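Enquirer: Residues per chain are reported as follows:
There are 4 protein chains.
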Amino acid sequence: MERTLEHFQSRTDLAVEERERFEDDDVEISGVSIEEEFDEETEIKVTRVMITTEKGAKAMGKPKGTYITLEAPNMSVPDEDYHREISAALAKQISQLLPKNKDEQSILIVGLGNREITPDSLGPDVVGNLLITRHIVEEYGKLALGRDKINKISGIVPGVMAQTGMEASEIVRGIVDETKPDYVIAIDALAARSTRRLNRTIQIADTGIHPGSGVGNHRNGLTEKSLGVPVIAIGVPTVVDAATIVNDTMENLIEAMEQSNQLKGIGNTLNLFNATEKHQLIRELIAPHLNGMFVTPKDIDETIKRIGFTISEALNMALQP
Amino acid sequence: MERTLEHFQSRTDLAVEERERFEDDDVEISGVSIEEEFDEETEIKVTRVMITTEKGAKAMGKPKGTYITLEAPNMSVPDEDYHREISAALAKQISQLLPKNKDEQSILIVGLGNREITPDSLGPDVVGNLLITRHIVEEYGKLALGRDKINKISGIVPGVMAQTGMEASEIVRGIVDETKPDYVIAIDALAARSTRRLNRTIQIADTGIHPGSGVGNHRNGLTEKSLGVPVIAIGVPTVVDAATIVNDTMENLIEAMEQSNQLKGIGNTLNLFNATEKHQLIRELIAPHLNGMFVTPKDIDETIKRIGFTISEALNMALQP
Amino acid sequence: MERTLEHFQSRTDLAVEERERFEDDDVEISGVSIEEEFDEETEIKVTRVMITTEKGAKAMGKPKGTYITLEAPNMSVPDEDYHREISAALAKQISQLLPKNKDEQSILIVGLGNREITPDSLGPDVVGNLLITRHIVEEYGKLALGRDKINKISGIVPGVMAQTGMEASEIVRGIVDETKPDYVIAIDALAARSTRRLNRTIQIADTGIHPGSGVGNHRNGLTEKSLGVPVIAIGVPTVVDAATIVNDTMENLIEAMEQSNQLKGIGNTLNLFNATEKHQLIRELIAPHLNGMFVTPKDIDETIKRIGFTISEALNMALQP
Amino acid sequence: MERTLEHFQSRTDLAVEERERFEDDDVEISGVSIEEEFDEETEIKVTRVMITTEKGAKAMGKPKGTYITLEAPNMSVPDEDYHREISAALAKQISQLLPKNKDEQSILIVGLGNREITPDSLGPDVVGNLLITRHIVEEYGKLALGRDKINKISGIVPGVMAQTGMEASEIVRGIVDETKPDYVIAIDALAARSTRRLNRTIQIADTGIHPGSGVGNHRNGLTEKSLGVPVIAIGVPTVVDAATIVNDTMENLIEAMEQSNQLKGIGNTLNLFNATEKHQLIRELIAPHLNGMFVTPKDIDETIKRIGFTISEALNMALQP
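Taken in sequence, the protein lines are chains U, L, B and E.
Here my numbering is used: the first sequence runs in plain steps of one and ends on residue 340.
Here my numbering is used: the second sequence runs in plain steps of one and ends on residue 340.
Here my numbering is used: the third sequence runs in plain steps of one and ends on residue 340.
Here my numbering is used: the fourth sequence runs in plain steps of one and ends on residue 340.
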């Protein structure tokens, strides 16, 4: 029951937020393990959620795989060397997830999202800053780049359905079939459940992008199953759904009413409702026009520019060491 | 008392929304008159709020002047001839507000807002589509444009403080002092109180832009007093403040509780609070980090492009008939 | 012999410029027919070059097919209704070239070129203004668009090799294989031989895009052979190669020398050279660093915006009548 | 006489190119001194031309002042740390030219040029990457930025006349009068005489921007005389005028003819013309439509992005050490 309400409330692309739902219960979820490390110097916290069984996947509402979350509170503020320490930490985490089946690899990097909507333009921004090498290696060989060993990097910004009339997944699948990369890295702006994580969290997952993820609500995912090659997903929450924010505040109100002495009368009355009824009440009060609306900070332009640079530098480090 | 709560709730740049606060009371506010007309063919509703006395200004929380609102539900949907009927209706309304002291006038059009934030880029978009003539007339004379009579149009996109380190008002005042236009037209993206009016309402006012208006919260206004020449303001609500949306839903909840039989207990308890206490309760429940956040639709990119074109066409019609 | 020199000089994507090489000779080229019409009211000249045999193709240096050129001198100047008359004339010509095998068709429109280089951003600009319908028809059916009969339009901006590491042709072939459109329309900025035609000529061809065409020098073409579906190409010359401009002026100099009485001495001397030697002389004098450079007008930003709009409106008319 | 021809030929904003005209003569120009230094490690060559008398100014066709040229051949190629060594060398040179009358200064940085034309967007690009501080210092004091001593940096992108209807100088003068900076730094894309210096030379001058400079041909300059405060100009040649390129090649042809044995006949004939007649001949052969056209490399998008970053980093170093 509780689950229903919480599920309604959730709308999050972050495994680490999904995990938090269970924290109060202090239960261990079978098939889900979690590791945390904190670097005091850089103030970066890395959380690794591993979902190893179907049961764990069901409990978490996310597919089996590894989800690494890097929380860097400083990421949302400006910095003179463009947060090189975050790029370095991120490069290290990305490297650990990358398939290492070959010495030299061909990698397609996909910048999902809409470059015309500021908080959704993270993916296009990252691809715009990457060191693209595939065409040089194919035309002149790797020595043209002064290296013995080099990965072939290609990049694409597929755009969104309103611009192309096509699913991003159709476009990417076509390109993968044609150019046969060893794996795909997809960058996407995510929706978080709470504003607290906006623009200071990066999630890396080896499970790809799943339907309904991201700001733009991709209907089809980008996964190893759909593309035929492994897909690493890198995401940053840049928006919260408008309905989620309202809902969360309502939850706070109800909780406050139940706990406060002064409001005991309300609390008692509300206790007459079960979770489903409360859920229904909230749903009615949230105006339906909030669907299709998102919440984002007013300085999102500078934030996206900065985080995009941090991620593209991390990819350059991880892919061309 | 009620006023306090409602004022907290309001955060609107639209006179027509301000006026609505008084509708239930069905009182006439002294010094405020209102006219409405509706065109059945185009489905455009024009509301004209005239604030004629200081008392009316105080009641409305807006300076004396004329506020014309044009509501065009179709504006937020695509159209083959780019809503020429809305441009025409808007041109007519703009023309009525323009100063007509001279036969040929020099007009500076200011595109306020941040071109890097989609819902705040309306002003820059409009200026980008205008027919700019001042430099041609100054260099070659009006015959160069094949006309007997021509207004000299100039345009500026001053940017926002985080980009320039200057108030938009400082930049515009400097340019007005230097180029001495007869009047200024300022275009700005506005914040509405409710999502219902987003992207389907255009407000034209002869009072200029006032502090705290707009998405970007200009600290200083653009008014006849500050610039020395009349200022016509054209605004479209493209965002709602995140705190406003939460607050409105909470109001709905409290109202529902007070009215519902089932929730009578809560209603009664809440009746023990006065407006200020309710206001305080809500304020505590709204997370402070919602400040500096805005709500906007997911298709805001296409909407801004379309409305920007509608307004620039209207200005071209009104200024070079 | 003459041919060699002229071939060196040519670097044109326009069939109509290619045809001009033969005009002085006043010969008919076998396998090449030509029709011209001129509309006095709109001042639009339409030339239709049909290459019907392999011999004609060889003489023209262009593949067999129909090349329609629409010359509209007004296109490069601003206009109040955005040159609707040119859009209409263009729509008519496009319609005549479109495959008509089915009642409702699925069409992929490809905006070739680099959106970051102003004269090369024509293709991306056009795709940005199109009425995209494929996703709506696929999700809600054609009635959602209020029509009985509708074409499914999709669009893609593949980017250039320096940005993606991939040939545009690889990307487009992948997408065609995946989404199976009935045909492809490709929009591209072209290189002209002379500045006279820049930004006032539109070429439509049913032969696709061929290697070496366009500003960006695509190495692989987009043709029915390479994509498996017919390809209509729409191009506008927006640049001239820097080497071409220098070469042309040199040709003028040599010609002037040969003809002028005053310069007869030079003319006589030059007569001692044959075409190949003259060609060699010119090649040496043209600095090699001019390769990879282009010439374009200083107001190319406004021109591209205007022509892009003219073409996208024409496509909207032709594809959704 | 020679001078006339060479003046026609010149169209350069670079003092160092102006100086080269005199090199063959190996004369010293009175009132013009020159210093050069070369750093073997970074391969950066710094040339300092000081024009100290009116006579020198007249000979050079440039106002009295200091012109520093930094030539960095690597600047036009990509680099992993974004050419930090060039930024550092540039910061050092900029620092030496800055007025040092006060401990803390207020500086307005002007990004001249058209952001919609790739090679002319250097100025807007640089301003977009700057550390802007004026508004923070004015609102919260310098401690808000964690420093004892801080310069107040503001920035403006005035746009070009076709977009604003105003001279950039009118806009900047208005803003200077209103915000009273201690001095102005203006960034501009320049026209060079030869393609050899494109995108690898940065010129810093303490004389401001003069009429006719830059890609966009500003009619009025930005100088201490016109603005009332010192103006430092930073420029990079990103284009060559189309007429200049043709003219240069013609000069090569004539020179070759005069020298070659084989072409002696022509040389002799040409000797019958004086410089003015030759000049006239060339002018006739250069098509008039080349005016208003520029030549630029095909990879100008990446180059501008890179050089813009190098300059903004240099300004950040020089202004907030």
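FYI, nobody ran anything at the bench for these hints, they're computed from the structure.
Do not rely on the hints blindly, as some may be mistaken.
To be verified - Taking lysine to any residue pairs in the SDA-like style, the calculated list, with each CA pair at most 20 Å apart, reads:
#  : chain 1 : residue 1 : chain 2 : residue 2
1  : U       : 244       : E       : 321
2  : U       : 168       : U       : 134
3  : L       : 199       : E       : 189
4  : L       : 111       : B       : 271
5  : U       : 168       : U       : 335
6  : B       : 199       : U       : 324
7  : B       : 111       : L       : 199
8  : U       : 324       : E       : 189
9  : E       : 324       : U       : 321
10 : U       : 199       : B       : 245
Treat the numbers as computed from the prediction; the structure is a model and nothing was measured.
Enquirer: Does residue 189(E) sit within 20 Å of residue 199(L), going by the straight-line distance between their CA atoms?
Expert: Roughly 11 Å between the alpha carbons, so the hint for residue 199(L) and residue 189(E) holds.
Enquirer: Holds or violated: residue 244(U) and residue 321(E), Cα atoms, limit 20 Å.
Expert: 36 Å, violated
Enquirer: Has the given pair, residue 168(U) with residue 134(U), been kept, meaning a C-alpha gap of at most 20 Å?
Expert: 33 Å, violated
Enquirer: Residue 199(U) and residue 245(B) were given as a pair; does the straight-line alpha-carbon distance stay at or below 20 Å?
Expert: 18 Å, holds
Enquirer: Within a Cα-Cα threshold of 20 Å, do residue 324(E) and residue 321(U) meet the stated pairing?
Expert: 17 Å, holds
Enquirer: Regarding the pair residue 168(U) and residue 335(U), is the alpha-carbon distance no greater than 20 Å?
Expert: 14 Å, holds
Enquirer: With the threshold set at 20 Å, check whether the alpha-carbon distance from residue 199(B) to residue 324(U) stays at or below it.
Expert: 36 Å, violated
Enquirer: Quickly compare the C-alpha distance for residue 324(U) and residue 189(E) to 20 Å and report which way the hint goes.
Expert: Given that 20 Å is the threshold and the Cα spacing comes to 32 Å, the pair is violated.
Enquirer: Check the hint pairing residue 111(L) with residue 271(B) against an upper bound of 20 Å on the C-alpha distance.
Expert: 56 Å, violated
Enquirer: Are the Cα positions of residue 111(B) and residue 199(L) separated by 20 Å at most?
Expert: Given pair residue 111(B), residue 199(L) is violated - Cα atoms ~48 Å apart, limit 20 Å.
Hint compliance for this structure: hints 1, 2, 4, 6, 7 and 8 are broken, all remaining hints hold.
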